[in-house]
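Novice: Each chain is listed here by its residues.
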Amino acid sequence: MSLEAAAFWGLALVLLASGLAVVLSKNLFHSVLYLALALVATAGLFLLLQAEFLAAVQILLYAGGVITIVVFAIVVTERLVGERLVQTNRGIVNGGLVSLAVLIAIIIFVTRATLPQTPPPPPADLTQAIGRDLLTRFVLPFELLAVLFLAALLGALFFARKEE
Amino acid sequence: MVPESYYTALSAILFTIGVVGVLVRRNPLVIFMSIELMLNAANLALVAFGHRFGAADAQVLAFFVMTVAAAEVAVGLAIIVTIFRLRRRLSVDELSIMRW
Amino acid sequence: MMRDVLAAFVLLNVVVLIVTYLTYVERKFAARMQSRIGPYRVGRPHGWLQPIADAIKLLIKEDIVPALADRPVYNLAPIVFLLPSLLIFATIPFAPGLGLADLNIGILFFLAVSSLEIVGLFMGGWGSNNKYALLSAMRAVNQIISYEVPFVVTALIPVLLAGSLKLSTIVQAQEGLWFVAYPVIGQLAFVAFIVATIASENRVPFDILEAESELVAGFRVEYSGMKFALIQLAEYTHMFGVSCLGALLFLGGWLGPGLPGWAWFLLKALFIFLLVTWVRWSFVRIRVDQILGLSWKVLLPATLVLLMATGFWVALGGGHVA
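Residue numbers (this note's numbering), protein chains in the order written: chain Z, 2 to 165; chain P, 145 to 244; chain Y, 100 to 421.
Note that these hints are calculated values from the structure, not bench results. Mixed in with the good hints, there may be bad ones.
Estimated spans, in silico, between C-beta atoms of each pair [what the hints assert, rightly or not]:
#, chain 1, residue 1, chain 2, residue 2, range
1, Y, Gly262, Z, Pro142, 22 to 30 Å
2, P, Tyr150, Z, Asp126, 36 to 44 Å
3, Y, Val113, P, Leu230, 53 to 61 Å
4, Z, Ala18, Y, Pro282, 33 to 41 Å
5, Y, Val113, Z, Gln129, 30 to 38 Å
6, Y, Pro282, Z, Ala6, 48 to 56 Å
Note that the coordinates shown come from a computational prediction; the quantities given were computed from them, not determined experimentally. Even for Gly, the Cβ is constructed at its ideal location relative to N, Cα and C.
Chain Z with its partners taken away, still in its complex shape:
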């Protein structure tokens, strides 16, 4: 087994195990830690797919940003009241059935896709290509993203403001 294959199987195992743990863990704080692990494992898979830029952004944005905010929300909502919310689940059977259907649908969909048999050589400097694409072909979504961020900022501020 080559080094790459070993890395893939290792990361895949970590990713699936931690993904399951996020969903199944009874402890909210453990869930978020497993989520962090899953996100880092995904970054590792991005590295295997030669997407270094995306791997770095993934860690910077998710692990540095998203996880931190989720932890903050957990601390705010869990510790202010004395007893912790009992985590109950609902409709496990129905939920499982629907999820199974989703999985089958995805598999059918994916197997129908036609892919080129041999991958063409990737651009010499992918990071440079991404940067160029962002500011030329994708400049409109890029700018819209800026507007979205402004809206998100205002929205978060609205909820955080003091009650008058």
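Chain Z is fixed; fit chains P and Y onto it per the hints.
Specialist: Chains P and Y in isolation, oriented as in the chain Z frame:
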């Protein structure tokens, strides 16, 4: 060389795990994390396909997904915390107060 | 393969050794500032064995785990805290060709990995199940989110000037003029970098998360022995890593006359470390809301304006775009 189809299979399973989380769990924070898992799975599939086609487009799209997810977390968690402040407990059943 | 592993092993040990002695440098420096002598008894001359003695002392101390702690989280926290600090050295070029991996996205890798440190920090804060530790971790989360953004923005200014994310290319672009000597932009960016560094390293005057007088010792209040040593090591390693980054981004890395490249590099990193230490022993701690206000109302807008100004400057042909 690991074929891209392995990555897409992995992504499909991860996505399904996320779906289970959204459907089965009651705590909005866990649902939130499950949504992150699903977005992550979608990104993985995008990057895998992009690798196959040898183009940067997929990575640009994945980049957009990540940034939108970050914005979504900021607003979504602000809403959750606000609801918690009003209700003192946290369950998606409480979210019915948001209709009008 | 074997060579890479060996190189990583050597680098790891050299970094840990340097960091161990940084604590000694800091203690001596602080002592001088306060007209004291500092550690003197262990090892002659000038107590040079003190850091080794400290390490041995911490190693043989009893390891205490609080009864109500979240055990796995509590036990893993120091390791999760230490790992990112060590990993950031993988991409740092100490001299031309002297470094583990000079990645194309070197600076992005550095920023991304070093932001993982926060995970270990709040694992420790939460896992201890102690109100001081939790409060400290909350403050840390607040402060680190707030200062991460200006830190990244200031780090982008040299990237714009050099036109590359690769750390060695950024250094090469400073061949003629170090970025700190760049008219106006360079000095302002350097000052912003130092402020953001002090804040993201939680040093005085931004050390609200360990604030001895109110939070006892912050998130590590329950840690003892080996785990305490690991946390301490992680903090100093991260500090040293950021000093190295500052030396690469603003002070021209290994460039300099006479001495070999790595010596210049270490001297410059030491300079930034001492600058931060100097601030630490000169100022008093400020309040939480003042710290957050400083980040969002002053530092972030200022660095954004600076970044835009740099962009215009480069667009007008002022940078080193390759």
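Novice: Could you run down the list of hints and mark each one as holding or not?
Specialist: Cross-check of the supplied hints:
Distance hint check: the CB atoms of Gly262(Y) and Pro142(Z) are about 25 Å apart, consistent with the given range 22 to 30 Å. Between Tyr150(P) and Asp126(Z) the beta carbon distance is about 26 Å. The supplied range of 36 to 44 Å is therefore violated. Hint check: Val113(Y) to Leu230(P), Cβ distance near 55 Å, so the stated range 53 to 61 Å holds. At about 54 Å, the beta-carbon gap between Ala18(Z) and Pro282(Y) misses the expected band of 33 to 41 Å.
Against the hinted window of 30 to 38 Å, the Cβ-Cβ separation of Val113(Y) and Gln129(Z) comes to about 33 Å, which satisfies the hint. Remark: the range hint 48 to 56 Å for Pro282(Y) to Ala6(Z) is upheld by a beta-carbon distance near 53 Å.
The structure does not agree with the numbered hints 2 and 4 stated previously, though it agrees with the rest.
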